[in-house]
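S.K.: Knowing the structure of chain A, use the given hints to seat chain B on it.
As you go down the protein sequences, you meet chains A and B in turn. Okay, so the first sequence: first residue is 1 according to the working numbering, each after it adds one. Okay, so the second sequence: first residue is 1 according to the working numbering, each after it adds one.
Keep in mind the hints are simulated off the structure, nothing from the lab. Note that this is a predicted model, so its numbers are computed, not measured. Keep in mind that the hints are not guaranteed to be accurate.
No copy labels: a pair is met if it fits in one copy or bridges any two.
Taking lysine to any residue pairs in the SDA-like style, the calculated list, with each CA pair at most 20 Å apart, reads [said to hold, decoys possible]:
1) K357 <-> R114
2) K120 <-> R203
3) K68 <-> V210
4) K68 <-> G20
5) K354 <-> L202
6) K343 <-> A179
7) K274 <-> R114
8) K173 <-> L333
9) K182 <-> V94
10) K127 <-> T341
11) K354 <-> V344
12) K173 <-> S336
There are 2 protein chains.
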Amino acid sequence: MTNDETIMKECIRLAAKGRGFVSPNPLVGSVIIKDNKIIGKGFHKKYGEAHAEVNAVIDAEKNGYSVKGASIYVNLEPCAHHGKTPSCAELIAVNKFREAVIGMQDPYREVNGRGIEILKNAGIKIKTGVLENECRELNRFFVKFVTRKLPYVTLKIAQSIDGKIALNNFESKYITGGASGKIVHRLRSEYDAVLIGRNTALRDDPSLDVRNVKGRNPLRIVIDRRNNLPEALKIFSDNTNDRSFVIADKSSGLKKSPKNLLQLKSENNRFRIKDILKLLYKFNLNSILVEGGSDLFSQFLSENLFDDIYLFIAPKVIGRGLSAFDGMEINTLNDSVMLETEKVIRADNDILIKYKKCSQA
Amino acid sequence: MTNDETIMKECIRLAAKGRGFVSPNPLVGSVIIKDNKIIGKGFHKKYGEAHAEVNAVIDAEKNGYSVKGASIYVNLEPCAHHGKTPSCAELIAVNKFREAVIGMQDPYREVNGRGIEILKNAGIKIKTGVLENECRELNRFFVKFVTRKLPYVTLKIAQSIDGKIALNNFESKYITGGASGKIVHRLRSEYDAVLIGRNTALRDDPSLDVRNVKGRNPLRIVIDRRNNLPEALKIFSDNTNDRSFVIADKSSGLKKSPKNLLQLKSENNRFRIKDILKLLYKFNLNSILVEGGSDLFSQFLSENLFDDIYLFIAPKVIGRGLSAFDGMEINTLNDSVMLETEKVIRADNDILIKYKKCSQA
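Chain A extracted, bound-state conformation:
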């Protein structure tokens, strides 16, 4: 690992601290180096607040340093647009940095090379593409959001050895263990929203909140075309029910308060996943964690509109029951949906396998 890469890794580490709080903005961390020494650090802490570069400059000054002639490291191209804060590219230029080391270009159309252009015009030395893959991975939610205009979608499945997510009587609590639960709660704290289908809401009555780890709750969204789920369900009746939303058919009644109702047009008695995602994109949600059930998982897969799958496998055998994708059927194994095995993690006695959509798909 080169010196630049080591410092970029620190930018990534800092950036990740903003996870769950900056959406739909990207995660950004910044480190300022002068005379081979770190003189300032910063990251984007919260949507609407100061950008990473600003915080790093403030930190350097607080530490008694002038940033003039220093190198600034940042995992994402500095912004070129006056948004909630002044442009970071201008800040770097005005402060007469000698050099800017950048992880990846910002794909957001209002930046997209224009930040780098400003720096170049100010005579600042530029190095880009340092740990680019890691930087893209860090901001995979943001990159998809601004380039595809859709939220990033992860399917979270908890099943037995024999691939069952519930018994035939619908019992599904709890197949996986405490260590897996913690990972799920951490995921919820990182995604903008959790999405479930009607049956899962009705049968499991889940809380979908963040309990076992520190972190903020996601929005809770349930698809209920006819908008007639019982008000007594936890997501509608607990003390954060203002963060629960229903996606219902345009023709359905307005039982929920209009604030919490997202209306959509259905086709053949179901919503197209693409329409759901477009709707959520409009609400500025850049990441969705889909937690079931089988019909919803199957639709995301059939319509090829997911990004990855977190598959938790508990060391138990259930026998007959429901599998995650029983809502789809193929005629020959050649029609199987192929995925890419990304990573395997042990979670106590459970196994977590992360799958990504195949790049060719």
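M.R.: Chain B in isolation, oriented as in the chain A frame:
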């Protein structure tokens, strides 16, 4: 790792070279040390041939050393009984070794401490229990065979992400990839026999041989109560069909040649797994690899007569289909069969998870 453990590890490595060839004997390796130097090595190569200790002594002599006053390391207590070869304990005593370092006591009733007794009586210094767990693991087939009087049973399952071993139209070839296939073929070369159910034989027409790796073929055993599977199936018609056996009901006809027919009494139109295993024990088979299908897997699980499971998961989604244990059903998740997650191995894009029966079960 102590010096003794390092040498015992070498004994285990040597012993493992006999895998597939010594059953129902144990796997044994031996190393002889004199003046802190390895002067001889040996292992049990084939059932009926010389034991490891004999081969190690011969090797030392071939290397020009006298074993008098040397230390002999062996992963299993030297035998005390004149079997196919003279007793190894006596050999060690007669050759005036100074010390014997032993991995584990031999649980076989004709040895079971009597080998150690012979060595002690000859005034040889004894150290036992060196890497005992590893030595037990190495000889898990043998240990179960002599202590429980049943063969060791591994269920081998190949499934999709969503836990399907076949489509509803029974297509099941091939869910997993080439790297998994190689592991399966290696397993076959190590187990005494492969066991399948009638439907698997009929629908898949598998060869059940060792093709993709070097190794000997296992026996192939199919359960066919009425003994009326077509003679054209590969296992009955290929050029190693003398190594294929049918377990059929005592009341069934004698279509197969009597040599290849194993008769058993059924109850309520099925065989009890316990009866099948007792039968295979009588035929001196110390290890069985069960390769399907769902009914057979379910019976082994329900009757709690398996030892471990090799679960291969291919990175593909199948949708509706058959799962490995669809032959059983429980009413509540509390009745799930709990296993112990032992090990996770990546096989190219597939994942292999090894599960063991819970020790408390």
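S.K.: Each hint needs a verdict: does it hold in this structure or not?
M.R.: Verification of the hints:
1. K357 <-> R114: Neither way: K357 and R114 sit 31 Å apart in one copy and 61 Å across, limit 20 Å.
2. K120 <-> R203: The answer is neither: 58 Å in one copy and 68 Å across copies each exceed 20 Å.
3. K68 <-> V210: This pair counts as neither: shortest intra-copy Cα distance 44 Å, inter-copy 70 Å.
4. K68 <-> G20: For K68 and G20, the Cα distance exceeds 20 Å both inside one copy (33 Å) and across copies (72 Å).
5. K354 <-> L202: This pair counts as neither: shortest intra-copy Cα distance 28 Å, inter-copy 36 Å.
6. K343 <-> A179: both (17 Å within a copy, 17 Å between copies)
7. K274 <-> R114: neither (31 Å within a copy, 74 Å between copies)
8. K173 <-> L333: Classified as between; 8 Å across copies, 31 Å inside a copy.
9. K182 <-> V94: neither (45 Å within a copy, 62 Å between copies)
10. K127 <-> T341: neither (33 Å within a copy, 47 Å between copies)
11. K354 <-> V344: both (6 Å within a copy, 14 Å between copies)
12. K173 <-> S336: This pair counts as between: shortest inter-copy Cα distance 12 Å, intra-copy 29 Å.
In summary, the structure is inconsistent with hints 1, 2, 3, 4, 5, 7, 9 and 10 from the numbered list given earlier, while agreeing with the others.
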